[in-house]
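2 protein chains.
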Amino acid sequence: MRVLGVDPGLTRCGLGVVEGVAGRPLTMLGVGVVRTPADAELGQRLVAVEQGMERWLDEHRPELVAVERVFSQHNVRTVMGTAQASAVAMLCAARRGIPVALHTPSEVKAAVTGSGRADKAQVGAMVTRLLRLDAPPKPADAADALALAICHIWRAPAQNRLQQAVALHAARSPIPSKGRTA
Amino acid sequence: MRVLGVDPGLTRCGLGVVEGVAGRPLTMLGVGVVRTPADAELGQRLVAVEQGMERWLDEHRPELVAVERVFSQHNVRTVMGTAQASAVAMLCAARRGIPVALHTPSEVKAAVTGSGRADKAQVGAMVTRLLRLDAPPKPADAADALALAICHIWRAPAQNRLQQAVALHAARSPIPSKGRTA
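Chains A and B are the protein sequences, given in the same order. Be aware that the first sequence starts at 1, since it is given in the working numbering, and climbs by one per residue. Be aware that the second sequence starts at 1, since it is given in the working numbering, and climbs by one per residue.
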């Protein structure tokens, strides 16, 4: 299966595409970062993240998008930007009927390094080895996006089929929303 | 000026459109709520919020969208949904070149009741009076959305012209975003 991993952020949103199945060598199809300037209007930064996501979805046609699950225990300013960028990433995927899976940072670290407390260097080193790259992807957000994709491919072979069925069904029958006008 | 106020939320996203200028009687043009089911996939809920926002922007053509500024001091689960719904609301506005303004809950309460610590009932009562309605809009999220729009119209007549110029300029020259592919 082909998975687009997203390490969400407004300043840097890491994106990485990995293809493969659990138990077989994996292939990296793309890695990069969408950056938005810190001094731009928030709405414009979200539009830039959306445009980046759309470009990557168009180019790589992933079967699933794996996004880092955001917690609010971190820095207040950072977590808001992360939550907002992740919302845009999930929206872009869901609009196309592509299933979205969320993984916590410790799930991702445990999947690729064996330890939920691994540091960025360890994650980068394992991503480099597992995808047979010449050097760790830079910046760390790009490596983290690849790690998310790898984590997803390894963790949930059965769950993926279920998620695809659910997302396809949801895309065919969108949620009715209500509103009234004076 | 015509302002769409948004009280962001995934379960209930309040929307209210108010037209007027500071110092003159205000007119309510629409009020409502976009609801998404708590048991739906997060991506699908964000798509439903986007569809609701698009419908309201199409119908009411606001000159500005005023969104409640989200803080992460509240309940962890709630604040994430609020941040995500607000991201979708800001994205929809910015994509159309409509300026987005953020106001804190206490700014809104202070603007419509005179006290930053007013309760929901007070805000509802003042919204009812200021817009000359027969009864307070229900649910509270809908009244809060109207209060946001009123707050914006009253607070920043000079600032609005600046925001419109900035948003128009940004919409004409989108932020370049980077990415590379293997």
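Wrong hints could be hidden among the right ones.
[To be verified] Distance ranges between label pairs, derived from CB positions:
#1 A:55 with B:37: 29 to 37 Å
#2 B:132 with A:138: 43 to 51 Å
#3 A:23 with B:11: 47 to 55 Å
#4 A:71 with B:25: 24 to 32 Å
#5 B:59 with A:19: 39 to 47 Å
#6 B:172 with A:11: 30 to 38 Å
#7 A:97 with B:11: 37 to 45 Å
By construction, these hints were calculated from the structure, which means they are not laboratory data. Note that CB positions come from ideal geometry on N, CA and C, so glycine has one too.
Which of the numbered hints above does this structure break?
-> Failing hints, ascending: 2, 3, 4, 6, 7.
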